[in-house]
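Protein chains in written order, with the numbering used here: chain A, 483 to 715; chain B, 483 to 715.
Hints listed in this document are in silico derivations from the structure and should not be mistaken for laboratory results.
A hint or two may mislead.
[Said to hold, decoys possible] Derived lysine-lysine pairs resembling BS3-like cross-links, with alpha carbons at most 27 Å apart:
1. B:Lys603 / A:Lys706
2. A:Lys708 / B:Lys708
3. B:Lys604 / A:Lys708
4. A:Lys706 / B:Lys708
Note that the coordinates shown come from a computational prediction; the quantities given were computed from them, not determined experimentally.
Number of protein chains: 2
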Amino acid sequence: MSAVPRPVARVARFIAHQCDWASVATVSSRPPVVGQPFSNTLSVSDGPRGSGSGSPYLYLTRMEASVQDLQVNPAASLSMTLAQTDYCRQQGFDPQSPLCARLILSGSVLQVNGTEAEFAKKSLFSRHPEMIDWPTDHDWFFAKAAPHHFLLHSDSRRHKTTASARCHVVEASGDMKSWTFGLMVVASTFPTAEAMALYDPKLCFLLDGFLVVYGLVITGMFIKEKVSDADFI
Amino acid sequence: MSAVPRPVARVARFIAHQCDWASVATVSSRPPVVGQPFSNTLSVSDGPRGSGSGSPYLYLTRMEASVQDLQVNPAASLSMTLAQTDYCRQQGFDPQSPLCARLILSGSVLQVNGTEAEFAKKSLFSRHPEMIDWPTDHDWFFAKAAPHHFLLHSDSRRHKTTASARCHVVEASGDMKSWTFGLMVVASTFPTAEAMALYDPKLCFLLDGFLVVYGLVITGMFIKEKVSDADFI
C-alpha cells in the first residue's frame, strides 16, 4: 500500500480540487452525543481554481460544533465526492456507486499560521468570496486537513488503472507520504473536467437567453413581412 | 428543547426529502484507523419523490467500510445539506454558511425487515433506479437511520421562525420524538421548493429544445414569406 499508482493519485487530486466543501466526521465532545460520531458540512479549498495543492484548507470558528469536537480530539475524516458536482447526476451515476468517485481522508485538522495561513486565505477566499464578509466577532482562523491515510472509492474504468471487468472496483488506500508524492508527479487534468464544463447550467441559461432574443427578433421580422404583404395587396 | 417549532421541522423534513445521499460518520473498526471517525457517502431516500416519510432509508452491503464499522459500533451521524442540490449555488450561499441549510442526525443505523424493508425498497429504488442492477452477490440489505437527536443549522430568515436580524442563526436541536411529531403536523411544502424547480437544469434543456424548434419553424416561415414575396413581385 506504500506506492500509490499515478492514476489513483490523479483521481484523488481531481476530487480534492473539484469539491468546494467536505463532509467532516469528528468524535463529538458535546452532550447529549458525547463520544458519538458527528458529521458536518464545512467549506474547503485546496487552492485557487486551476492550481490545487491537494491539501484542503478550512476557515473555522470555535463556535462551530465540529471545531469544539476537534479541540478535545483532533481526529477527523473528510469525505469528498463527485456527487457534490454536477458530474455524477449528468452521467447517471448513483452517489453510492463506485462510478461516482469519492475520496476519504483520515487524520486530523490543524490550525495553520504565517505564510501557510496566507496561502489558505488566498485559496479559500478566491473560491468562497462570501467568507470575506462573515462576522468578524466569530474569531475565525485558518486550518488544514492533515491526513495520514486516504481511501479512494472509484470504478477503475473511469481512471484507467487497469484493463478491468465491468464491475471491478478499485478501492485504493495508502499513507499520505505516497499520496503527496503521487500528487506532485501527476498533472491535474482529467477527462471529466471537460465533460463537466459542457453540462454547466450557466451555458444552458445563456443559450436560452440567446434563443429567446433570436425568437423575438425573427418573429418580429415575420410579422412585419406579413403586414407589409397585406399593405402591398 | 423538547418542542420543535413547526417551521424548524418543516425545513428539516424538506432537507431530508430533497437529498438523495447523506454523509455518514461512523467510528472506524478497520486498521489503520481503528477508533477514529470515518466519513463516507451513502445514498438515502426517505420515500418516493413527493411523499417523504422524514426517515432516511439505506441500501447496504457488508462489503462497505461504513457497514463494517456499524457492525462493531452502530452509532452513526448522517448529515444532509442543500449544498447537495443546486439551491445554494444558484442562490450564492456558501456551503458552510447557515443560509445553506443543513441537517445533522445523530443515532444509529439499523437493518429493517418485512413491510418496512418493502417500503425502504420502494423508496430507494424509485429514486436510485441504478440500485436494481447492483451486483447480487454483495448481500444487500435495507436499513434505516434511527436518530435520537438532530441539529438543524439554518439562517432563520430562510424559514421565518423569527423576525431576525441579519446574521441571526437558528441552530435548532431536539430529541427525535418531537421531531417526528413536528414532521407529522407540517406540510412538506417549502418556498424554496418552487425556486429549486425553476433552476432545474432539465427544465433549462427542455426550454432550449423548445426554443430551437420554435426558432427553426419561425425562420422557415419567414424565409417562405420572403420567397413568396419575391415570386409575387
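Now the hints, each set against the structure:
Among the hinted pairs, lysine 603 of chain B with lysine 706 of chain A is inconsistent with the structure: their alpha-carbon atoms are about 59 Å apart, more than 27 Å. Of the pairs offered as hints, the one joining lysine 708 of chain A and lysine 708 of chain B holds, with about 9 Å between alpha carbons and a cut-off of 27 Å not exceeded. Distance restraint check for lysine 604 of chain B and lysine 708 of chain A: the Cα-Cα separation of roughly 56 Å exceeds the 27 Å cut-off, and the hinted pair is therefore not satisfied. Distance hint between lysine 706 of chain A and lysine 708 of chain B is fulfilled; the C-alpha atoms sit about 11 Å from each other, no more than 27 Å.
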